[in-house]
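Which chain is which? The protein sequence lines are A and B, in order. For the record, in the first sequence the residue sitting at position 431 is 431 according to my numbering, with numbers rising by one throughout. For the record, in the second sequence the residue sitting at position 129 is 1129 according to my numbering, with numbers rising by one throughout.
Derived by calculation from the structure, the hints in this document are not laboratory data. Just so it is clear, the structure is predicted and the values come from calculations on it, not from any experiment. We put the CB at the ideal spot given by N, CA and C, even for glycine. Just so you know, not all the hints are guaranteed correct.
Said to hold, decoys possible - Over 12 Å on every C-beta distance to chain B, these chain A residues come out as not near it, computed from the model:
(1) Lys-87
(2) Ile-163
(3) Phe-266
(4) Lys-484
As the list claims (entries may be wrong) - Within a straight-line C-alpha distance of at most 27 Å, the following computed DSS-like cross-link-like pairs (lysine-lysine) qualify:
(5) A:Lys-481 - A:Lys-461
(6) B:Lys-1371 - A:Lys-316
(7) B:Lys-1314 - A:Lys-227
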Amino acid sequence: MNVSSSESPTLFQKESPPKKWGKKILWLLILGFSVFLFIKCLFFYGKRMLYDSFTPDLAWILDSGAYILKQHQLPRHDIYSWTLSTKSWVLYQWLFEASTAFLYKIFGEQGILRTFIVFVPCLYVLFPLCGGLPRKIPTLLVLIPTTLVLLVLTVNISLRPMIVTAFFLALQYVFVHRYRLEKLSFKSLLLLSIGMYILWGNMHMGVILGLFSLLIMAVGDFMEHRKIYVFTPVVPEIEGHPQRFQRYGILLGSCFLASLVNPYGFGIYQYLTALSSKQYLNNIIIELQSPNFHWDCYQYFMGLLVIFILLMPMVKKVFSAEGFLHLLILTMCMLFVQRFVVWTCLFYAFILPKALYHWWFSLKEKSYILKYTVQGFETFRPFVLLSFVTIGFAFLFLPQYFQKVNYGNCQALMNGIDTYEHLKLPTDKLFNSGNIGSCMLVHYPHQKVFLDTRFDFYGAKYMSQTLNTLMIGSGWEQVLKQWKINTIMVEANTPLAQMLYATDQYKILYRDDSVIILRKNPP
Amino acid sequence: MSDPSKPPVEIVPYHVIAKELGTFLGRMLFFGLVLGFACMNIGWFGKTMLQGAYTPDLPWLMDSGHYILHHFTIPTQDLYSWSFPHKVWVLYQWLFEVMLALGQSIFGAQLFFKLFILGILGLYFLLPLGVAHQHKIPFIYSLTITTAALFLAAINLSIRPLIVTSLFTAVEYILIQRYRQGKMSENKVIYTTGIVFFLWGNMHTGVVIGLITLIIMACGDALERLHWYPFSPAIPEIEGKPASFKFYGTLAFIGFLFSLVNPYGITIYSYLAHLSSENYLNNIISELQSPNFHLLNYYYLAGFMGLFILLMSKAKRVFSGQSFLLILLFTLATLYAQRFVVWAALFYAFIFPKALFHWWTDFQLEYPGLKKAVLGFETYRPLFFILLSGATLIFFLFPKLYVPFKDGACQDYIKGIQAYEKIQQPTDKLFTSPTLGSCILMVNPKTKVFIDTRFDFYQEAFAKAVRDALLLTGDWQGFLLKWEVNTVMVSKKWPLAIALSQLPRYKIVYSDKSMIIFRKKTGY
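Required output: the full structure, derived from the provided sequences and hints.
Pasting the structure below:
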């Protein structure tokens, strides 16, 4: 059933709740439970992020940013390893690094991590709730998918350049939809997009995902134009009109050109292609693997997927072509490469509320409980927003009442790393794992490492040799000989450490549950 | 002047001929692609099965079957390990093991193996194809779907009891569909279900999948009966009518009751519950992990998921309540634990051809060209079956052309194990990896092993300690000392192999490119 705008619901009009006591209690219970779940989800997210927002990558991201700010130029060669110090290093995300380092200077380590932890729910929950999506959509229908999204996100979101892609994807989606709703002129859209792509191209290679999303929108709108997909939304005014393919063509071309305004030009795309073709790296980097649905975060994702599937029987009433294509294609991408979860969830956060609204609007007259629960929740909207803002502000400005954001995977390694700083000799030729290398850079950026988590920089061959050595696979002895290694600092349960410890070739300098430091005995 | 008695010669314009020719060639190309796709799937399935159907589990499955046939009793204690010789061993799949042993004795290993592959082809491809043919579903749909499902399932199909669960799930599904279509009486379905669950309960703990499937189907039919899911299929006669909850209740009760007629009674269910709670095992057994979509077979799973989502746009025309729930829940289960893929693929093979048929029935009215193309493919049915029969004949008549990879995962270790037989000492306390343990049983079932692939028997703590030792994590030296291990036989890929080669107290007594055997020197 299509409705004209005059028939569309006004959320602010007073709706009388059910009159019978039994129904009233049920209604209140559902409402109370929804608010409780929302607050609980926020705390669940916060608890997880206290540990997960920091990744070992952050150390070299901050330090290289500081280098750029100080030297006013990009480093051309590696500045962290003692093994590949002359190898050229492509900092395709230099602007993100510089900006992060700048914010770090202002807010400090805890400040920047806390800001990030608050920023993510702002992007994924608050933005759709306040401005990102049409205000007509009831709060509850926005909160259900977005809070689920927030829970899923904890699996792979951290202070890394990927957040920039999530942010710009959200902006682009909102801009294009405002254009579709005729609230933004094409000229403004073009100018905003160009500005955005200039920044994006300098901050993350995910800029290609922006172009891809634009292409999906173009194809979706083309399908609607050609009546290949006949979209008859229940509430048309929240969807806008499909736009011409030519317009998208102009937009795509301009955005692509704008993304080339970076120190490496077209090189960023070539670099991405080269990286994607490196099978070995793709196989060892966990976030490039398929998702593990044993993890609770991905089980929440199953919940989102089931909502998507259950809405499919009404597809042409609830999903625009581009909305449907976005969800379908990005879900498939995520099944292949779990890194996509951050971006796939973003589209779930922006598309599902609209779809749920269409569905609810077509059903609300049939189910009083559905109608009153959704409309009744509007009275809680100020409370939800207030609690959101209060928790956010308290977390940012009253840190003494909250747990400290810790070093995530680096936390357990820090004692060993600090100890090594006192034990190290000028003659040391240190062999270390990737995580330890990056974690060392957190406190000791001048320490030269054997390996850190810049796997793309080190390349497939070097990585495979190092990982083989850690697992005492083929050629491990040659690697130690080739680099004249005399000191080893690795995770305590690494086969290499266990083996060297058992053979008396090395003596233990330090050992705890997480780290072991060994130095070669003199011959 | 033209002769009025002769009919006028019709001159067909060139552009019409060109158009006809183009349509003809386009259709031939399309049909060729579909046939090629189907043949490729069956070929891939064959290749996968020749290489992977023989798993390290097979030696102890076969040998325990022979034991039962020989002694007419089920072993109560372990037969294969020196580490737990008196521990109780629950052979909840004893009847499957007996069947395997019988099959091997009657047909010989090679022929039995090939018959098994043919059986799987029958179950996943020919049976759904036959059912689809009965429903007059166009061949193009049934062929494409069933061959794709066959290839998808192949990723985890091997000579193991789970195939029994696939077989009985298919039987259960067909029985209920026939009842829904009014082609089978309630009593017949109930009797047959009793027999099926009796056999099932003695062959695989997957019997619980049978009960779950029944519940899912009952829920699906209840949704329809209560009009919560108003299903109005395009072709009602292939779907039948939803059955009552009472009917499913009776089936589930009879099924459960008959599944208890086994040597262990209700213990098979508590055993399964206990196994599922062993988190460490669930985390290291690869078939209990989520699927890796980088593998070709799982591209097909992604394809089926995509197809499901697309067809959901016409859900109430194409999927009955139970079909929808079966596809949804088994797909989610597969995402959680890839072992479920063999059962998800089975439901894909039975349900998707029907769903596509419903969709096409509505769609063909708008696109008559599509109708022509789909029906045109029917003429290729005989050709396809001639090709398939030919390939099957070659498969059986030319044994040297298709040699099953008989030693499977043990292939690389056979030489080393045989070498160990010659240097074995009575005082040996041999440590192996689980796979090597099972491979040893393949070469000589009388050799006592430290561990094999019966993880459920050895249980979580022991399996973890062995794995820790192989990876040199935890107190691996203490573990070897505790069990007084004096001989170690491991694959060279394990860190333990490298570590022992560096230790002076071990000497290498055998080494080849894949494995290494150490013996502890005297005096240590």
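Legend entry - Hints breached by this structure: none
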